[in-house]
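*Asks:* Dock chains B and C against chain A, hints included.
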Amino acid sequence: MNNILNQIGIENYIFLSVLLFCIGVFGVLYRRNAIIVFMSIEIMLNAVNLLFVAFSTYHQDAEGQVFVFFSMAVAAAEVAVGLAILVSVYRNLGSIDIDNLKNLKG
Amino acid sequence: MSSILIIFYFLSAITLAAAFLTIYSKNPIHSAIYLVICFFSIAGHYLLFNAQFLAIVHIIVYSGAIMVLFLFTIMLMNLNKEDEVHKPRITRLGAIVVFIITSIVLITIFINSKTILGDYDVSGEDFQSIRKLGTVLLNEYMVPFEFASILLLVAMIGVVLLSKKEKTEQK
Amino acid sequence: METKLALVLLLSPFVGFLFNVFFGKKVSRVVSGVIGTLTVVVSFLLSICFFAQLNLNGKPFEISLFDWIQVSNFKLEFGILLDQLSLLWLLFVTGIGSLIHLYSISYMHDDENMHKFFAYLNLFVFFMITLVIGSNLLVMFIGWEGVGLCSYLLIGFWYKNQSYNDAAKKAFIMNRVGDLGFLIGMFILATMFSTLNYSELKHAVAAGDVNTALLGVAALCLFIGATGKSAQLPLYTWLPDAMAGPTPVSALIHAATMVTAGIFMITRMNFLFDLTPDVQNIIAIVGALTALVAASIGLLQNDIKKVLAYSTVSQLGLMFLALGLGAYTVAVFHVITHAFFKACLFLGSGSVIHGLHGEQDMRKMGGLRKAMPITFWTMMISTLAIAGIFPFAGFWSKDEILMVAFEHNKVLWIVASIASIMTAFYMFRLMYLTFFKEFRGTEEQKHHLHESPSLMTIPLVILAALALVGGAINLPGSMWLNHFMEPILSGEHETHHLGTQEFILMGIALVGAIIGIIWANAKYIKQAFVPKVDSEIVGFNKTIYNKYYVDEFYTFLIVKPINSLANFFRTTLEQALGKVVFSLGTVANGLATEGKKLQNGNIGLYLFAFVIGVCAIISYLFITHTAQ
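Protein chains in written order, with this note's numbering: chain A, 77 to 182; chain B, 2 to 172; chain C, 945 to 1572.
Calculated from the structure, these hints are not laboratory results.
Ideal Cβ placement from N, Cα and C applies to all residues, glycine included.
Keep in mind that the hints are not guaranteed to be accurate.
Said to hold, decoys possible - Calculated cross-link-like contacts (lysine to aspartate or glutamate; reagent style DMTMM-like; alpha-carbon spacing at most 20 Å): (1) K88/B to D175/A; (2) K1541/C to D175/A; (3) K970/C to D1054/C; (4) K1060/C to D1123/C; (5) K133/B to D175/A; (6) K181/A to E1538/C; (7) K1104/C to E1056/C.
Claimed, not checked - According to the in silico footprint, chain C covers these stretches of chain A (three or more CB under 8 Å from chain C): (8) 101 to 107; (9) 167 to 178.
As the list claims (entries may be wrong) - Pairwise CB distance ranges, derived in the manner of DEER restraints: (10) Y134/A to T136/B: 16 to 22 Å; (11) S1527/C to M157/B: 54 to 60 Å; (12) H1569/C to Y134/A: 17 to 23 Å; (13) S164/A to H31/B: 22 to 28 Å; (14) I1556/C to L77/B: 42 to 48 Å; (15) I1556/C to M143/B: 35 to 41 Å; (16) G85/A to T1570/C: 19 to 25 Å; (17) T1537/C to V86/B: 25 to 31 Å; (18) I1556/C to V86/B: 57 to 63 Å.
Okay, chain A solo, but in the shape it has when bound (with noise of 0.2 Å):
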């Protein structure tokens, strides 16, 4: 069968998957509340996923799809782990906004 990516092209997945990311990354900047914050992490994560099924695809090989695999394992981790915090912090401070964690100033 033919490689999708002679009709595609590297490039476009390597645009839209960095695009993704920056989105990502402006979103944890950008935003206050912890839960967005999150969600903009997974964005990120999922943005490194889809480029290395696009180099698994380039190189023909099963082993950048494996390493998805993995990378959604920890990712599922640690989003368990990350709002079982978030709720810790609600219990403790009332509110889930980031600039109220400011205990470590110093």
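*Replies:* Chains B and C alone, transformed into the frame defined by chain A:
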């Protein structure tokens, strides 16, 4: 323009728009919904690559589990109201600048590292069917596979511990 | 065996010092004094043994105790050399030292720090022995410095009086100035010859082909060291002030032993000085001038010890005159006789002061002849000796100096003769004012006048006897000292045949001394002249009485500038330096305060920095990677 390219552009537009709207919308629930749409579009991208297994797993894990978790947490903290104060103006300006800088840096790097010209190679053999994926995963990447399972176990235990309510003194 | 004896000789006074330091307070005063005296007597007996042995076989005893310094080709050992010169010095240092220790037991018996006094005295004798028996210049320098230190300790012994402390400091500092000259001379010699050992230096210098200009500089520097130690112009002002110490100290250190160290050193290095006639000229001139100036100051002093101090400076000047004319044996002869009669004079004056319970002003003395006969007669004998009357010891030695001066330089002879006449005058002035006529002190003192105890008079008697017959060691007929010292002198020595010229010179000297005595007699006995009180002295007398204002000149020239420099450093420089140092701390503090603002706990800022950092690293790597 081939139809695949059109499909690609369509899916990319949805992905980028959904991602942007995730960040931009004021209501966290809306953000979550937009993110689900974004994930679905990325699964579409995976299907374009003929990575079927990965697409299904992506939908199950991300849209099915992670986003559900997010929604639970949002509703737990009663965040459907939109009363968030914006960050200071300078910070927002800085975020935009960083966005532009980062995108320029990364694109420059990737484009300048391009070395191939001409056709992309087609090996003809199967490299991403679920059979092949399973073989590679359980033969070469056996140890990371097992470690991933331990990681998930630990994460589970950790989450349970973290979100336990502390016993208060009054009965 | 001999090594052990030599070590005992050297270390015996040091053992006395240690004993008095650690146990002196616990034992009674007499015991500490006796132990101190015994250690010096042991050294004296051992030096007699070595002297007898040297007379028998004529071989000096030289050993090296251990290798001290070894740097490239410069080697220095800690060695002992007991030859004719060092044994002569040892004999009279330890001998007179023992007598003075004996005297001090009685003189200091009511001082509560007597054990400390004996400790210091013993330490001094130890260092003096080190100075004398060293086999190279550096060991001598150890002793040199050590006796300077002990001089400081002993002058300022009654430390509760600030002016005594100042006198002690003055002595030490002036000695130090001289020591600088000594050190520079040593350095020059070490650089030129890579050795400081006497015998090696002697051979190296005689080997010829040496830079005589540099040698002259070295000799001059060594002479400056001798100037400081032996109180010649211009470093003599410490000696009269050093009379602030107890009288035994003045007798031991400032009459007989420490001040002769300079002469010892020059005699030791005679081969060096023989090669530099210019420096010898300087030595002779300085010596003669010192003799004249000091004698002139001594004419009008009223403190009994100050008169004797200026007399010491003057006699030392005569000795340096002899050294400068190349007559080393004559100088050594005068050193020995001078030690005898000057120690006797000082101890006698101590006896007088003790009898008058601390009175030192001669204007308040008088008529002590009947009350203190032994003191009177011993001091009379010593005064006759110092005035140069035949046949006392001083006559022979001073006469030889005048003879040598006459042969070399008539001007110096005239200067030395005038100094001798003045010596006779002021010594007899001292005697007349102290012992003759009527007592001018208070009634209470008059009732308590008595002769000193025997522990004080026995040394007086012994020393007076030596002053009487001491001339025998170098009478013109036998010349025993000349022959004895031949092996250590390199130049040709001159023998004096008793011709007509010599007799005439002797006669002139004798007549001059007698004129001085008659003049003193006329003024102080016939006219019954008593010196005026301080406030009434006017005119040229006042200048002489105030020591030609030399001390004030030194204060103006040296002390005041140094003081103002120190003040400047203290007030200005130290503040400035303090500010500079503190400003470093302030800067660090400021930087830290600014840097602290980076950690304000704001997660947004941290994330921001995170992203910027990653971008920076990636772009840096990218740029350096593509640049290759």
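*Asks:* For each hint, tell me whether it holds in the structure or not.
*Replies:* Okay, the hints, checked on the actual structure:
| no. | hint | verdict |
| --- | --- | --- |
| 1 | K88/B to D175/A | holds, 9 Å |
| 2 | K1541/C to D175/A | holds, 16 Å |
| 3 | K970/C to D1054/C | holds, 16 Å |
| 4 | K1060/C to D1123/C | violated, 26 Å |
| 5 | K133/B to D175/A | violated, 48 Å |
| 6 | K181/A to E1538/C | holds, 14 Å |
| 7 | K1104/C to E1056/C | holds, 13 Å |
| 8 | 101 to 107 | holds (count 3) |
| 9 | 167 to 178 | holds (count 4) |
| 10 | Y134/A to T136/B: 16 to 22 Å | holds, 21 Å |
| 11 | S1527/C to M157/B: 54 to 60 Å | holds, 59 Å |
| 12 | H1569/C to Y134/A: 17 to 23 Å | holds, 21 Å |
| 13 | S164/A to H31/B: 22 to 28 Å | holds, 25 Å |
| 14 | I1556/C to L77/B: 42 to 48 Å | violated, 34 Å |
| 15 | I1556/C to M143/B: 35 to 41 Å | holds, 40 Å |
| 16 | G85/A to T1570/C: 19 to 25 Å | holds, 23 Å |
| 17 | T1537/C to V86/B: 25 to 31 Å | holds, 30 Å |
| 18 | I1556/C to V86/B: 57 to 63 Å | violated, 24 Å |
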